[in-house]
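*Asks:* Sequence lines, in order, name chains A and B. According to full-length UniProt numbering, the first sequence is numbered sequentially starting from 1. According to full-length UniProt numbering, the second sequence is numbered sequentially starting from 1.
One or more of the hints may lead you astray.
Copies of one chain are not kept apart here, so a pair can be met inside one copy or by any two copies together.
Unchecked claim - Keeping only pairs whose Cα atoms sit at most 30 Å apart, straight-line, the calculated DSBU-like set for lysine-lysine is:
no., residue 1, residue 2
1, 383, 39
2, 413, 39
3, 233, 306
4, 413, 306
5, 421, 373
6, 233, 373
7, 111, 373
8, 30, 383
9, 39, 227
10, 373, 71
11, 111, 413
12, 233, 68
13, 289, 413
Source of the hints: derived by calculation from the structure; they are not laboratory data.
Protein chains: 2
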Amino acid sequence: MPDTALPPTIPTAPVTPAILESLRAIVGDKGLIADDQGKQPFVTDWRGSIVGNAAVVVRPANVEEVSKVVKLCHDNGIAIVPQAGNTGLMGGATPWPSHTGIVLSVGRMNKVLNVDPVGYSMTVEAGCVLQTLQETAASHDRFFPLFLGAQGSCMIGGNLSTNAGGVQVLRYGNARNLVMGLEVVLPNGDIWNGLRALKKDNTGYDLKHLFMGAEGTLGIITKAVLKLWPAAKDVATAWLAIRDPQAAIEILSEAHGASEDNVGSCELMSRTCTDMVLRNIPGTQDPLKADTEWFLLLEWTSARPKAEGAEGMAEKMEQFLADQMEAGRVIDAVIAQSEAQARNMWVIRESVAPASRAEGPGLSYDISVSISKVPEFIERGLKAALDILPSIRPYPLGHIGDGNIHFSFMGPKGMDRETLKQYSPAITRAVNDLVTSLDGSISAEHGIGIDKLDELSHYRSRIELDTMRTIKRALDPKNIMNPGKVLRI
Amino acid sequence: MPDTALPPTIPTAPVTPAILESLRAIVGDKGLIADDQGKQPFVTDWRGSIVGNAAVVVRPANVEEVSKVVKLCHDNGIAIVPQAGNTGLMGGATPWPSHTGIVLSVGRMNKVLNVDPVGYSMTVEAGCVLQTLQETAASHDRFFPLFLGAQGSCMIGGNLSTNAGGVQVLRYGNARNLVMGLEVVLPNGDIWNGLRALKKDNTGYDLKHLFMGAEGTLGIITKAVLKLWPAAKDVATAWLAIRDPQAAIEILSEAHGASEDNVGSCELMSRTCTDMVLRNIPGTQDPLKADTEWFLLLEWTSARPKAEGAEGMAEKMEQFLADQMEAGRVIDAVIAQSEAQARNMWVIRESVAPASRAEGPGLSYDISVSISKVPEFIERGLKAALDILPSIRPYPLGHIGDGNIHFSFMGPKGMDRETLKQYSPAITRAVNDLVTSLDGSISAEHGIGIDKLDELSHYRSRIELDTMRTIKRALDPKNIMNPGKVLRI
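One chain only, chain A, in its complex shape (with noise of 0.2 Å):
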């Protein structure tokens, strides 16, 4: 938790044994976990730097059951934190240490629906685990396109209460682009079916990309209909060692065109990220040897398959980078020729994580600009950290096409956690001044939680809170739903 962070206030109603006893009557035995070794890890964020309390973990069965008990909380005015995978960067999903109500877990509500392969769509519960409706959309030659390292026990409601990234949002946008419709219980228990399957609608407010993105402070998502795409038929994948990130967004900006619009990925990362990997994750290789300090991960992926004898992806990519070389923009770059070379491709840019944490200490920062601002954001924002910190080692990386950076640092070689940590408010001021100044995000796809409250509210105008304050007073005036998250109110 950021030193910064003073617990907000919170509706204290406590879980009488009545109101327990009225729970298990709504979710029985199975639905209730009260005793402490259970509760553990749905009060812990992941990495356990969070560490909150609840009364008592509730997982309904389905979403009547989800209102009876929001209805139950309501009226004794007891707070609810929702919760799905609980793999969030942020502590949105994690109780403060302070919280005396309930976690609610949709972790038991796993169910896909429907699937309609002829109308792009499917329908799933919010439990739902991301990789499973991944592989359903497979199984249906069908794309669900969100894709990011939780995806194994991340759950599709926490996605869209977050509002997730990945690499793929450079084309299919946020999760809140994935959604036709959405079910909701409200703060007050009432139960919004707004899970139509439609891509047109124009019959009053918006209240779906109301939801996302709230990070249950709002309500709950229960159900959810999510849109399909075609699945790939035909990928070419690259590694290009290019002049600087200038050039990267360059690159990107004719590749559009090049690829019909079939650019999928675009991830840049610097030499010191990708040497990061190479000396801490092992198996991995160094796809290309260049004297450069910046690569890119490019993907083109069809939806037609490659026919005999015609240009397909990999021949398109092949002459777009020989016009790129001749542009003096890549300095060299090699294809995937087969699906393993693609591979580990991918598990360098996948391993950063891992490779930091094996690497020691370190601050990262998840900040987006516009994308024609990345290269000046990069070079002032390498500037400012080492101007406080100069045996800081940086590595950034990131979804270029979002305009979204992974400002990330090792701390200096030797540094100890506790060292690292008394400059990480001066850098951090310095990032987010630095992104504010150039109109960016403070966090581009991880959120808010707990994490960045006073950030938020350091950074955002008067204006804009009073007016998120506005609808969530409105919408939850009791403030049971996910208390303290987000905003102060």
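Dock chain B against the given chain A, drawing on the hints supplied.
*Replies:* Just chain B now, with coordinates in the frame of chain A:
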């Protein structure tokens, strides 16, 4: 105005001479229109079916003036009807006859502030005419994919406020999907600066999606950051005679992959619809003499120029159409061999509205259902309407990729407007009951405005209407912002 619409209760504070002078002090003489003749186009909808009132039309030159005007109205309880191009079909931008406040037109705020081709975005003022924005994008080798009938006079502020649709939604989404950031003047006059050119920003509630589709009832959109796409370089347009609507959705379902996700448009037309156009619009030609009741206008658009000798969009489409004929879905088809031929196909589609006006009185419903339910909707909907008035002449058409059918009817031959009007409530109820039973939308792209106010409150759940009202009351407690539209408060 529909017979069922009773005027809602709206604030009636008058614009006194003193307030008029305060308005003049803010916007100057050229920002005020107080004479009846000058006001006329601002208080009447473009079809002339709604004739409203306003004390004065106020035309601010910039957001600061908008803010001051709104603050003045807020402090004095004066109702405001925000207006851009006033081309909406539901009366959302046109004042009620009982309106005693102002019309606030954004028409003078019509500057393109910035175009960023590398970052694929542009920042514009709300009063920019849509077609100007299409042309601006094209002049930078970019594409702004909002295309609709009124594009020569509608303005982007209105397009976003109604979340406009059009013929490119299938690929690019509704207007709300084309937006990265907004600037909005709130009902109390505060300026919300959400003008961020960010593809990712998970910092609290997504306010922009709340204002889009709210039809000006929650605030006035004054600027927007719009997304751009690569300009088209290789286009294949075809006219297909098809088996039936079920074939249409199956053809589309397979076209996504075959075109490499490059389906730009897919418009379904009934034979009665195309016959009506050919009969009424001079110069139009039937692209295909085929014995079928249904046609499809299919367009694939790639951003990659066709290389000499390589397979382009037309070759891919030819192969696809052969497969679809083999499968019995396509009866006959022709791919346009020139821009003129493609243009002729589009003229037929675009001439449906003028042709229907030439044909005399009619009825039309802008509905959507999930794509897979389109065939069932058409079959049952036709039966329901013909059961009520057997001699009515249906000519259904629609954006099939959006599940959006313009479910349209010419009146029986020789029947006058007044007689047809007597059947209208029963047919409307039958169509909308069917839509609702299929979990569809009674207004897919045209919105609610005045016209569908009572339909919305009839068909939406109490919980959904209450949630919308809660938001409206919280953000606009004095109910001055476009009162009596979308919702009765």
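*Asks:* The structure should be examined with respect to each hint, and the outcome stated for every one.
*Replies:* Outcome of the hint check:
1. In the homo-oligomer, the alpha carbons of residue 383 and residue 39 never lie at most 30 Å apart, since the shortest distance is 44 Å inside one protomer and 57 Å across protomers.
2. With identical chains, the CA atoms of residue 413 and residue 39 are never at most 30 Å apart, being 38 Å at best within one copy and 72 Å at best between copies.
3. In this assembly of identical chains, the alpha carbons of residue 233 and residue 306 lie at most 30 Å apart whether taken from the same copy (7 Å) or from different copies (21 Å).
4. With identical chains, the CA atoms of residue 413 and residue 306 are never at most 30 Å apart, being 49 Å at best within one copy and 53 Å at best between copies.
5. Taking CA atoms no more than 30 Å apart as the test, residue 421 paired with residue 373 passes inside one copy only; the shortest distance there is 29 Å, against 58 Å between copies.
6. Taking identical chains as interchangeable, the C-alpha atoms of residue 233 and residue 373 lie at most 30 Å apart only when they sit on different chains, with a minimum of 28 Å there against 34 Å within one chain.
7. Proximity of residue 111 to residue 373 under the C-alpha cut-off of 30 Å is restricted to the inter-copy arrangement: shortest distance 23 Å between copies versus 43 Å within a copy.
8. When the C-alpha separation of residue 30 and residue 383 is checked against a cutoff of 30 Å, the pair qualifies neither within a copy, at 55 Å, nor between copies, at 50 Å.
9. Proximity of residue 39 to residue 227 under the C-alpha cut-off of 30 Å is found in neither arrangement, the shortest distances being 34 Å within a copy and 45 Å between copies.
10. Taking the shortest Cα distances, residue 373 and residue 71 never come within 30 Å of each other, neither inside one copy (47 Å) nor across copies (35 Å).
11. When the C-alpha separation of residue 111 and residue 413 is checked against a cutoff of 30 Å, the pair qualifies neither within a copy, at 48 Å, nor between copies, at 53 Å.
12. In the homo-oligomer, the alpha carbons of residue 233 and residue 68 never lie at most 30 Å apart, since the shortest distance is 46 Å inside one protomer and 56 Å across protomers.
13. In this assembly of identical chains, residue 289 and residue 413 lie within 30 Å of each other by CA distance solely inside one copy; the values are 25 Å within and 78 Å between copies.
This entry does not satisfy hints 1, 2, 4, 8, 9, 10, 11, 12, going by the numbered hints stated previously.
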